[in-house]
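*Asks:* Here the protein sequences line up with chains A and B, keeping their order. With our numbering as the guide, the letters of the first sequence map in order to residues 1 to 264. With our numbering as the guide, the letters of the second sequence map in order to residues 1001 to 1264.
Some hints here could point you the wrong way.
Using C-beta positions, here's what the derived DEER-type ranges look like [stated by the list, open to error]: (1) A:Ala37 - B:Trp1144: 43 to 49 angstroms; (2) A:Asp30 - B:Pro1241: 24 to 30 angstroms; (3) A:Asp235 - B:Ser1189: 32 to 38 angstroms; (4) B:Ala1037 - A:Ala197: 33 to 39 angstroms; (5) A:Ala60 - B:Arg1171: 23 to 29 angstroms; (6) A:Glu145 - B:Ala1183: 22 to 28 angstroms; (7) A:Arg184 - B:Ala1183: 27 to 33 angstroms; (8) B:Ala1102 - A:Ala197: 40 to 46 angstroms; (9) A:Ser143 - B:Arg1169: 43 to 49 angstroms; (10) A:Ala98 - B:His1051: 51 to 57 angstroms; (11) A:Arg177 - B:Ser1206: 36 to 42 angstroms; (12) A:Arg200 - B:Asn1055: 48 to 54 angstroms; (13) A:Ala37 - B:Ala1183: 30 to 36 angstroms; (14) A:Leu141 - B:Ala1240: 46 to 52 angstroms.
In case anyone wonders, no lab produced these hints; they're calculated from the structure. Glycine included, C-beta positions come from ideal geometry on N, C-alpha and C.
Number of protein chains: 2
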Amino acid sequence: MSGRLAVVGIGPGDPALLNEQAKSALADADALYGYRAYLDRVPARQGQSRHASDNRQETARAAAALAHAARGANVAVVTGGDPGVFAMAAAVCEEIEAGPPALRALDVTVIPGITAMLALAARVGAPLGHDFCALSLSDNLKSWEVIERRLDAAASGGFVIALYNPASRARPLQLRRAFERLARHLPGSTLVIFGRAVSRPDERISITTLAEAGAEDADMSTVIIVGSAETRLIDRPGRAPLVYSPRKQTVPAGSGGSSRRGGA
Amino acid sequence: MSGRLAVVGIGPGDPALLNEQAKSALADADALYGYRAYLDRVPARQGQSRHASDNRQETARAAAALAHAARGANVAVVTGGDPGVFAMAAAVCEEIEAGPPALRALDVTVIPGITAMLALAARVGAPLGHDFCALSLSDNLKSWEVIERRLDAAASGGFVIALYNPASRARPLQLRRAFERLARHLPGSTLVIFGRAVSRPDERISITTLAEAGAEDADMSTVIIVGSAETRLIDRPGRAPLVYSPRKQTVPAGSGGSSRRGGA
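One chain only, chain A, in its complex shape (with noise of 0.2 angstroms):
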């Protein structure tokens, strides 16, 4: 009884960006959990059995895994991006803090993925060339204060800021209002990236400034990437623009405090 457990990052979409260890792994699993849109990117092969569940299913799906794994078998949990990024990895952890001593016997690795955010700005230029932070807009498992607060801190802090998860039919308000706290703290002027489906056949990427941004240009499959102050839109004839935040910080200290204006 040595089960393995794999948590696989299958990147934004394109087979074209998923490596080796990710490959081999969801090729050796002899069972693959995953959400149902995730699973239908992997490849079918003989006597693989497949375990698809809905969205929002993340401890169920990663305790059936885990158990599964226990009884022995070589089992990889599927999920877009990086694991590690407001997916499964974690998922997995709570489970086998929460379970039984025996999950924490099994053989689990991680295996990481090109992550929404990076295929984004790959797609564009290089918007998170300065520091940036990466924050979930579902308030499914934090309060809505912990998320205006930590919009004020990247913000006023001056890091580029991604967003994930920004919208879906059942929170249809979250991105209009943080939207509009950031500009508390950014200049209507400040770029703002959609990506949508990134990499695949849909994909539709836009590029747009804070004033104009509208939140109904979102949906579960996009990650938003708001500039700081300094982010850059170069123009290029016959050519999509390039946007990118340079290396050379050029603020002063205390610009982005003087603006704080709803901190704590």
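Use these hints to put chain B onto chain A, whose structure you have.
*Replies:* The following block gives chain B in isolation, referenced to the frame of chain A:
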């Protein structure tokens, strides 16, 4: 004259973490530009020229690679990790904006890779499991005051913090000062993970606490993840412990703000 330039992320070091897009771009290039240690990781190919340069030569390297592409060649700039995270993509954008108009006509692509913090996080569990920041401790391109302000913002906001460029021979004291700064906001028991040469044969990973963390354990090949106050460690008999940051945030909204002593 239709030159092309690809900025290619080769990940943390293990070739099995490279994706197909990166491999193709490296194989197809007429010329490779990069920091010597990264170029050494790319298999040699007949007829492909190599242009190695030292660390800290990012601006000159970007300008030379762009000029080469503008002469009609297919050029790849090789960078460790992900090109968009404290690497070459921003330097290339800076040179496109500052350089001759012809550079804006080039076909420029960025191919994402596994950045160091994701590779390290995967090796220990899920320490980036909730909101997090990535911050470079190098003060070559920004003032130490900006760095301190961002450390304050990130720690008081409850973000997990990944520290890039924590130390070099020219900057031995930065990391100690950063830990002292973070200790204003975070308990001494906060988990800290050092990852050196992650995924490479000489990989060295250690887990300690903010109170015990020593700055002498870091060099230019090290990335450090400082947990939030909620980051947890799971002991496992006969196995390395897991470290993770739970998805559920239980910290009351005001707790970070009230301990914010160092900010603006």
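*Asks:* Confirm or reject each hint.
*Replies:* Right, here's what the structure says about each hint:
The hinted range of 43 to 49 angstroms is satisfied by Ala37 (chain A) and Trp1144 (chain B), whose Cβ atoms lie roughly 45 angstroms apart. A hinted range of 24 to 30 angstroms for the beta carbons of Asp30 (chain A) and Pro1241 (chain B) is consistent with their spacing of about 27 angstroms. At about 50 angstroms, the beta-carbon gap between Asp235 (chain A) and Ser1189 (chain B) misses the expected band of 32 to 38 angstroms. Taking the beta carbon of each, Ala1037 (chain B) and Ala197 (chain A) are about 35 angstroms apart, inside 33 to 39 angstroms as hinted.
Restraint check, Ala60 (chain A) to Arg1171 (chain B): a C-beta distance of roughly 47 angstroms breaks the suggested window 23 to 29 angstroms. Taken as a hint, the range 22 to 28 angstroms holds for the pair Glu145 (chain A) and Ala1183 (chain B), whose Cβ atoms sit roughly 25 angstroms apart. Checked against the given bound of 27 to 33 angstroms, the beta carbons of Arg184 (chain A) and Ala1183 (chain B), roughly 29 angstroms apart, stay inside it. The supplied range of 40 to 46 angstroms is broken by Ala1102 (chain B) and Ala197 (chain A), whose beta-carbon atoms lie about 33 angstroms from each other.
Range check, Ser143 (chain A) to Arg1169 (chain B): Cβ separation about 45 angstroms, and the 43 to 49 angstroms hint holds. About 53 angstroms separates the C-beta atoms of Ala98 (chain A) and His1051 (chain B), a value consistent with the hinted range of 51 to 57 angstroms. In this structure, Arg177 (chain A) and Ser1206 (chain B) meet the distance hint of 36 to 42 angstroms, their C-beta atoms being roughly 41 angstroms apart. The hint said 48 to 54 angstroms for the Cβ distance between Arg200 (chain A) and Asn1055 (chain B), and at roughly 36 angstroms that hint is violated.
For Ala37 (chain A) and Ala1183 (chain B), the Cβ-Cβ distance of about 43 angstroms falls outside the hinted range of 30 to 36 angstroms, so the restraint is violated. In this structure the hint that Leu141 (chain A) and Ala1240 (chain B) lie 46 to 52 angstroms apart at CB is violated, the actual value being about 27 angstroms.
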